[in-house]
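Colleague: Sequence:
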Amino acid sequence: MQHRIIVLGAGYTGAFAAGRLAKRLRREDVAITLVNAEPDFVERVRMHQLAVGQNLKPRPFSEMFAGTGVELKLAKVTRVDVGRKTVAVIDANGAEELEYDSLVYALGSGWNTQGVPGTAEHAHEITGRPGALRLRKRLAGLDAGQPVVVVGGGLTGLEAATEIAEARPDLGIALVARGGLGDWLAPKGRRHLRKVFDELGVTVHEHTAVTGVEADRVTTADGTSVPAAVTVWTTGFAVHPIAKATALEVTGTGRIVVDGTMRSVSHPDVYAIGDAAMAMGPGGKPLRMSCASGTPTAWQAADAIAARLTGGKLPNAPLRYFNQCISLGRREGVIQYVTADDRAVRAALTGRLAAVYKELVCKGATWGVANPTFGMPTRRRRVVQERARAGSAVKASA
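Going by the numbering used here, the sequence shown opens with residue 1, and the numbers climb by one from there.
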């Protein structure tokens, strides 16, 4: 019998994990199914580029996984039953249930309205391709001089505001940030960030909380109205709600609690990676939702599954940070170097070189998805059937 591995979600982490498992395990021993609603890979870190009219290179999964043994199931996940070890999906042919022996949960996250009135009705988001394309169409229809407000002073907000300002200098761009502009960066990074915002003509409302969104404005906590023909909401991420509806142990926000190998602490046949996982990094701090966190968790989970099935040594991938990469349009950027637990150090790279660095990081992330063993030779190992069967029996009786 083949050991059935289902991977839910084909973003950076899910696609990487599926490909790496296929490189680690013999095809005769495992059936790897990757479930995703879209037929091609979406470079989520480039959604602000897509929103301003840039075209991204198509990356069909049919080409990415050709000859690997990974089966792509084009479907939307509707439910996970961890007791029965099934996944309910719906595709062009209707509803279906898939059975698994090991599950990799990588459904990721979407935008977080933070419960602010009017956000869901009037704001735009760029956490995925559909939202970025809707914003693209709306921006294309704006006349010169119309105001665009980006809410959120994190990495996504900084990139969105500068990308729109560079692409549409005829518009009035404003950023509303709850804290100071780039206040987590080292002084060099903060200075460069302000310089670029000034050069692009982006108005910054610092230490300001948005309490309401309307079709033509946002309202702040002090009662100020900021005109907005378009509001772009970038105040953080919310995980996919499916995990919270299962018997898995999750946090209050719905992230799956995992151990150091990304295995669920409540259901050992389930692994969670990327934004969906509550994984701990250096210093006992939770890893933040980001591509920088996601790839190491996918690496760890894939190798842990392979090790447990083949009787190999459990991996110990470094779950740590090295830098934060911020694009500020196509010609500027900030690379903030950080400690292992994501605190800024004095060193930072800025300007055109930083923009090139960020572009290489984006290309490298996509290359890594298509090359999950980073070009290194690998040997597919046999699954120890007795081990796999014993593990399934233990889980079934638990």
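Mixed in with the good hints there might be a few duds.
What the hints assert, rightly or not - Listed next, the in silico DSS-like pairs over lysine-lysine satisfying Cα-Cα at most 25 Å (straight line):
1. Lys73 to Lys57
2. Lys313 to Lys76
3. Lys73 to Lys23
4. Lys137 to Lys57
5. Lys23 to Lys313
6. Lys57 to Lys363
Hints in this document: simulated from the structure, not taken from any laboratory.
Keep in mind the model is a prediction, meaning the values are calculated, not measured.
Colleague: Given the proposed pairing of Lys57 with Lys363, does the C-alpha separation stay at or below 25 Å?
Modeller: 11 Å, holds
Colleague: Lys23 and Lys313 were given as a pair; does the straight-line alpha-carbon distance stay at or below 25 Å?
Modeller: This hinted pair holds, its Cα atoms lying about 16 Å apart.
Colleague: Within a Cα-Cα threshold of 25 Å, do Lys73 and Lys23 meet the stated pairing?
Modeller: 19 Å, holds
Colleague: Taking only the CA atoms, is the gap from Lys313 to Lys76 under or equal to 25 Å?
Modeller: 35 Å, violated
Colleague: Does Lys57 sit within 25 Å of Lys73, going by the straight-line distance between their CA atoms?
Modeller: Given that 25 Å is the threshold and the Cα spacing comes to 22 Å, the pair holds.
Colleague: Would the pair Lys137 and Lys57 pass a check requiring their Cα atoms to be no farther apart than 25 Å?
Modeller: Holds. Lys137 to Lys57 sits at ~19 Å (cutoff 25 Å).
The structure fails hint 2 only (numbered hints given earlier).
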